[in-house]
Amino acid sequence: MRVMAQMAMVMNLDKCIGCHTCSVTCKQAWTNRSGVEYVWFNNVETRPGQGYPRTYQDQEKWKGGWTVKRGKLKLRSGGRFKRLAQIFSNPNLPTLQDYYEPWTYEYDMLLSSPLGEHTPVARPKSLITGKNMKIEWSANWDDDLAGGPELAPKDPVLVKIKDQVGDRVKMEFEQAFMFYLPRICEHCLNPACVAACPSGAMYKRSEDGIVLVDQDQCRGWRMCVSGCPYKKVYFNHKTGKAEKCTMCYPRIEVGLPTVCAETCVGRLRYIGLFLYDADKVTAAASVENEHDLLQAQLDLLLDPNDPAVQEAARRDGIPADWLDAAQRSPVYKLAKVYNVALPLHPEYRTMPMVWYIPPLSPVVDALRDTGNDAEDVDNLFGALDTLRIPIEYLAELFTAGDPAPVQSSLRKLAAMRSYMRDVNLGREPRPEIPAAVGMTEESIYEMYRLLAIAKYEDRYIIPKAHAETARDLEELACAVDYDGDPHDASGPFGYASGRPVPVAVETFHALKERQTSEVLIPLDAVRMNLRSWGGGGQSDDE
Amino acid sequence: MTASEILLWVALPYITIAVFVTGTVWRYRYDKFGWTTRSSQLYERKLIRIASPIFHIGILAVLMGHVVGLLIPESWTNAAGLSEDAYHLMAVGIGAVAGVCTLVGVSLLVYRRRTTGAVMAATTKNDKTMYVFLIAAICLGLLTTIIGSGVLGDGYNYRETVSPWFRSIFLLNPQPELMAESLPSFQVHAVAGMLLFIIWPFTRLVHAFSAPFGYVFRPYVVYRDKGPHDAGNHAPKRGWEKVG
Ligand code: HEM
Ligand code: SF4
Ligand code: SF4
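Sequence order for the protein chains is L and F.
In short: position in the first sequence from 1, add 9, done, that's the numbering used here.
In short: position in the second sequence from 1, add 1191, done, that's the numbering used here.
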């Protein structure tokens, strides 16, 4: 046994209202620069829907993640030699069109147009070419089932279900269900992005399992982008380097939750530690039957209250306060103790570490629409057995298509709902409800505290990084310079080359430039910064 | 030996080597963050699917050809029982195919840069300069192949002049007279090549030094400790950063 610690997240999907606050605050913190205009480390997609980038879940097409061939784990895009042979042009790389072409508007036209008969319009301008463009897609174009009948059926998950159960989807799809799926990098235990990187620039931090790209070592081979089945590594087309969700490690290191979690309106995100057995990861990811992957993944997670595990953890250098945090970890409780949280697409075999509590609301809504009491436990259990399509859909997302774990998780949520209704209405609590889902009255109440009351200090149990092991906390740096020709503005050898400038200095320059400039600032010369944005930041028409 | 001959065939080669080596070391230390292929595949994938592999396979074959043709003395291949005619035929055959691939590839790449708006917008002055030198070297190189092979003119055995001169530079015993007596086409190509190597460290071409052969030998999943400075990309300096 080799014990390692993993910082992980759980999201309670029932509470997500699809407000995109998480995406916006994340973007403002991390990807408000040119080169990553199209990048959302955190995105929220409506399901059913095509996702971002479009149809990323169709691994027949994009070849992300791992497969098992004759008991051996292999990257789906092929072996090492094949990848090197394809280095000159990567056949599985999405293009900007698969994400979307980022744009801004000619806001200045609204103010500076001469008086005329027609109202001036602010035309959309591509942030890539600076030219006028037609907006045809975005990071959440099919938000809230927009374009439903036309766009949603191209959802790879729906397509897969349809192959299995035929026309029934279409019919029952008419009684539409919908929920939101917020996504960040999964900080996988068996990361395909890291495995695909030819230069070894991507790595998993041994202290907390956060997966990062070493910007100084990345050489722009762009194999990680296609290697990740969740498409959560992005190519900065200005710097020529890969970038990804950092799990806000500068915040995590000082015990703060990530920006997306901190700002989540639904307060649905939980962050804490897992202890896992690093020696068993490859074996767990290699189990033949896809339906066994969830259990294999759960089996990797070690019980932090088990004295043998504690002993091994101490031996492997896990500090005492981390062990303590692991014992109080909300994610461990939700994934392993209550067993309600499920990983996203375990069949990609990356052992993802962002877990989801499946939403009960599609079922509740359907029940309510039929005029039934949607909080009655028997009605709910009945609906869970009969409402096949939402369940199969969720199973396709979270359990490689096995409905049983999804049903079990939803039954627990339904039981919690009914049991707590009696408590809250001052009626006699019914112990047979928790018993029906294999829980006790105490445990269902604790789960209720964690899921429904969801206190800040219960949602985030984040031990600080240890000063004696941490690097000097230095400011993140970003290479941008504002002298000289705006086209190569940013460095002697192209955008962002040369010695990086610390962010504070860079922001200082950008602000000064923006506040003192008479003209629109060329698009590749500045960071897009919503906080200090003056509506400029685009090049001239030509 | 005129002064210009000394300049071209003794001074320039040593300047090239000096700039190429120190420039690369300096660039690596100064600009690890700018050391990348700067891939443009995100903007456009159809043309690059053909152009980039043809070009790269071509140019790598051309590089191999240069190594063999310039470094291995004629006496060695003779001793190995490979007659001059046979060697010549082989070299010209492979060289021509590789050269044509390179030229077609690079033409497609440049065409793609000119015609795809996004790629054009991402093309820097540095890229344009690099392409001028690169294409000049490639075209002049193809010309020497045509002339040397006798397709045009009488044919020419560069392994009696150019190659010994090339080796003499590295043996620190420069023999400019050998190069001075070779054909003008070879002379111009050699100069173009040296100029390309002089600008090399300062262009995107540095990505060629990072060819990731180590990938074959390393474990799939890489773990790293949060050691000093490995996640940030800038070592803290003493005192205050200069602001403004
Ligand atoms: C084994 C060594 C090499 C590897 C692995 C390699 C790989 C690459 C890759 C991945 C790209 C980016 C393609 C894209 O836009 O997605 C690229 C571009 C390029 N490479 Fe190489 N390269 C190598 C050697 C060379 C050499 C020796 C030269 C020239 C002497 C060269 C010249 C170029 C040029 C000019 C481009 C830009 C293509 C464009 O116009 O977009 N490469 N290379
Ligand atoms: S989800 Fe994150 S850690 Fe997993 S493969 Fe993708 S980028 Fe890598
Ligand atoms: S901020 Fe929270 S509620 Fe809003 S979309 Fe993001 S995850 Fe959902």
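Everything labelled a hint here was simulated from the structure, so no lab data went into it.
Mixed in with the good hints there might be a few duds.
To be verified - No farther apart than 30 Å at their CA atoms in a straight line, the calculated lysine-lysine pairs in the BS3-like style are these: (1) LYS1417(F) / LYS1316(F); (2) LYS81(L) / LYS70(L); (3) LYS1223(F) / LYS345(L); (4) LYS1417(F) / LYS83(L); (5) LYS140(L) / LYS1319(F); (6) LYS1417(F) / LYS473(L); (7) LYS91(L) / LYS1316(F); (8) LYS72(L) / LYS140(L); (9) LYS289(L) / LYS1237(F); (10) LYS1316(F) / LYS247(L); (11) LYS1319(F) / LYS289(L); (12) LYS163(L) / LYS1319(F); (13) LYS72(L) / LYS171(L); (14) LYS70(L) / LYS1237(F); (15) LYS1417(F) / LYS140(L); (16) LYS169(L) / LYS70(L); (17) LYS72(L) / LYS91(L); (18) LYS1223(F) / LYS1417(F); (19) LYS1319(F) / LYS247(L); (20) LYS163(L) / LYS70(L); (21) LYS171(L) / LYS464(L); (22) LYS91(L) / LYS289(L); (23) LYS345(L) / LYS163(L); (24) LYS1417(F) / LYS247(L); (25) LYS143(L) / LYS1237(F).
Since the model is a prediction, treat every value here as computed from it, not as a measurement.
Here's how the hints hold up against the structure:
| no. | hint | in the structure |
| --- | --- | --- |
| 1 | LYS1417(F) / LYS1316(F) | violated, 38 Å |
| 2 | LYS81(L) / LYS70(L) | holds, 22 Å |
| 3 | LYS1223(F) / LYS345(L) | violated, 43 Å |
| 4 | LYS1417(F) / LYS83(L) | holds, 28 Å |
| 5 | LYS140(L) / LYS1319(F) | holds, 22 Å |
| 6 | LYS1417(F) / LYS473(L) | holds, 13 Å |
| 7 | LYS91(L) / LYS1316(F) | violated, 34 Å |
| 8 | LYS72(L) / LYS140(L) | violated, 33 Å |
| 9 | LYS289(L) / LYS1237(F) | violated, 41 Å |
| 10 | LYS1316(F) / LYS247(L) | holds, 14 Å |
| 11 | LYS1319(F) / LYS289(L) | violated, 51 Å |
| 12 | LYS163(L) / LYS1319(F) | violated, 42 Å |
| 13 | LYS72(L) / LYS171(L) | holds, 21 Å |
| 14 | LYS70(L) / LYS1237(F) | holds, 16 Å |
| 15 | LYS1417(F) / LYS140(L) | violated, 43 Å |
| 16 | LYS169(L) / LYS70(L) | holds, 13 Å |
| 17 | LYS72(L) / LYS91(L) | holds, 13 Å |
| 18 | LYS1223(F) / LYS1417(F) | holds, 19 Å |
| 19 | LYS1319(F) / LYS247(L) | holds, 16 Å |
| 20 | LYS163(L) / LYS70(L) | holds, 13 Å |
| 21 | LYS171(L) / LYS464(L) | violated, 41 Å |
| 22 | LYS91(L) / LYS289(L) | holds, 27 Å |
| 23 | LYS345(L) / LYS163(L) | violated, 34 Å |
| 24 | LYS1417(F) / LYS247(L) | holds, 27 Å |
| 25 | LYS143(L) / LYS1237(F) | holds, 21 Å |
In this structure, the hints that do not hold are numbers 1, 3, 7, 8, 9, 11, 12, 15, 21, 23, in rising order.
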